[in-house]
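A.B. asks: One letter stands for each residue in the lines below.
Number of protein chains: 2
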Amino acid sequence: MTTTTDLRTVLDITAAAVAQDPSAAVVTFAADSDLVGVTEVDVRIGDRVVKVDEPEALGGTGLAPNPVELALASIGSCQAITYRFWSEKLGIRIDRLHVEVRGNLDIHGVFGLKDGVRPGFRDVEVSVQISGSESPGRYEDLRSAVNEHCPVLDIFANPIPVVTSMRVQPA
Amino acid sequence: MTTTTDLRTVLDITAAAVAQDPSAAVVTFAADSDLVGVTEVDVRIGDRVVKVDEPEALGGTGLAPNPVELALASIGSCQAITYRFWSEKLGIRIDRLHVEVRGNLDIHGVFGLKDGVRPGFRDVEVSVQISGSESPGRYEDLRSAVNEHCPVLDIFANPIPVVTSMRVQPA
Numbered sequence: 018m019t020t021t022t023d024l025r026t027v028l029d030i031t032a033a034a035v036a037q038d039p040s041a042a043v044v045t046f047a048a049d050s051d052l053v054g055v056t057e058v059d060v061r062i063g064d065r066v067v068k069v070d071e072p073e074a075l076g077g078t079g080l081a082p083n084p085v086e087l088a089l090a091s092i093g094s095c096q097a098i099t100y101r102f103w104s105e106k107l108g109i110r111i112d113r114l115h116v117e118v119r120g121n122l123d124i125h126g127v128f129g130l131k132d133g134v135r136p137g138f139r140d141v142e143v144s145v146q147i148s149g150s151e152s153p154g155r156y157e158d159l160r161s162a163v164n165e166h167c168p169v170l171d172i173f174a175n176p177i178p179v180v181t182s183m184r185v186q187p188a
Numbered sequence: 018m019t020t021t022t023d024l025r026t027v028l029d030i031t032a033a034a035v036a037q038d039p040s041a042a043v044v045t046f047a048a049d050s051d052l053v054g055v056t057e058v059d060v061r062i063g064d065r066v067v068k069v070d071e072p073e074a075l076g077g078t079g080l081a082p083n084p085v086e087l088a089l090a091s092i093g094s095c096q097a098i099t100y101r102f103w104s105e106k107l108g109i110r111i112d113r114l115h116v117e118v119r120g121n122l123d124i125h126g127v128f129g130l131k132d133g134v135r136p137g138f139r140d141v142e143v144s145v146q147i148s149g150s151e152s153p154g155r156y157e158d159l160r161s162a163v164n165e166h167c168p169v170l171d172i173f174a175n176p177i178p179v180v181t182s183m184r185v186q187p188a
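Read top to bottom, the protein sequences are chains A and B.
Just add 17 to the spot in the first sequence (first one is 1) and you have the working numbering.
Just add 17 to the spot in the second sequence (first one is 1) and you have the working numbering.
The shape of chain A in the complex, shown without the other chains (with noise of 0.2 Å):
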C-alpha cells in the first residue's frame, strides 16, 4: 500500500483550515444525469461521464451498473476509504482491504406490482476483510470509528431530507 505520510499531512490541513473557517466545510456535491438511451443514462460529475444502464432482463442494454449496483459500489468504496481515514487518525496500520457488498431487493416495488413493498434494498450486508498486524482490539476500535463516521453508511441507515421538484418544457 502507497505511503501514508502525505495522507496524514492533508487530514491535518483539512482538520486545521475547517477549524479556522468552519463554513468552509460544508462542501456541494453535485450529478447531472441525462436519459440517451432506452434507459441508458449518462451521469456527469465534474468533467467526467459515468454510465449507467439496466440489464436487457430490465430493457436496457447492460452496458454499465444500475443505479442500485451504484449505490453498492457508493458504500462499499466509502467504507474503504473511510477506514482509510481513520486508520491515519488512530494510527493503527492496514496492510490490506476488501469490501464486499451484497443488497437484497424484491423487484415488485420499483414496479408497482404489489402494495407494501418498499422500492429500495430490503436490506444490506457489508463484510470488511482487513490484513494487519495490530491487536484485534484496536481493528475493533477502527470498526466503530468507521462506522460512526461513514458519510454513504448514513445516508443508507438514515434518513436523508431529499427535495425534489419537476419543471415541463412543451416539445
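The hints are simulated quantities; they were obtained by calculation from the structure and are not laboratory data.
All the given hints hold, so there is nothing to weed out.
Cut-off 30 Å, straight-line C-alpha distance, at most; resulting in silico cross-link-like pairs (DSSO-like, lysine-lysine): (1) A:106 - B:68; (2) A:131 - B:106; (3) B:106 - A:68; (4) A:106 - B:131; (5) A:68 - B:68.
Stretch by stretch, here's where chain B covers chain A in the computed footprint (C-beta under 8 Å, at least three residues): (6) 28-42; (7) 61-71; (8) 150-158.
All values reported here derive from a predicted model rather than from experimental measurement.
Think of the CB as a built atom: it goes at the ideal place given N, C-alpha and C, for glycine as much as any other residue.
Once you've looked at the hints, dock chain B against the given chain A.
C.D. replies: Same frame as chain A, but now just chain B:
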C-alpha cells in the same frame, strides 16, 4: 429517443414472470471494493470495474468520482430510469429527460471534527427537467408515481437495514 416498444414488452414479461413466481422478484446485487492506492478504490460489479477516488484536497489523486458523488450519480440515474419505466407503464410520452442533483455535506462529520454533525448529506435537491407535449397534470401523475417507486430515492429518504461485519487476517 429510442423506440419504446421493446421496453414495454420487457416490462410486461417481467410483471408476468414475477406474478407466476413471486420469489423470483428478490434479486441480490453485489459490489466488491479493494483499496488499491492512498484513497483509490477499484469496485468490481460483475465483470466491470468502477474507479473511485478522493480529490487531492482530501488526500487522493482525483482520478475518479468520490463515494458521495457516486451516491448522487446513483439517485440521479435512478430517477431518470424510474421516470422512463413509469412513463411506459402510464403511457406518458417523454421527449427529453435531464436530472440535476446537488447534495450539501459538512466534512466536520466524516473526520469527527465536531460533535453532532452527521457524516452523510445534510440535504439533497433533485431537479427533474422533462420535455414533452403531455398536459402538466399528466406529468404530475408521473412524478408522483416515480417518487413512490424510485429505489435509490427510497435508500436516501428512508432507513435501510445495514449489517456490517469485519474479519481480520494477520499480515
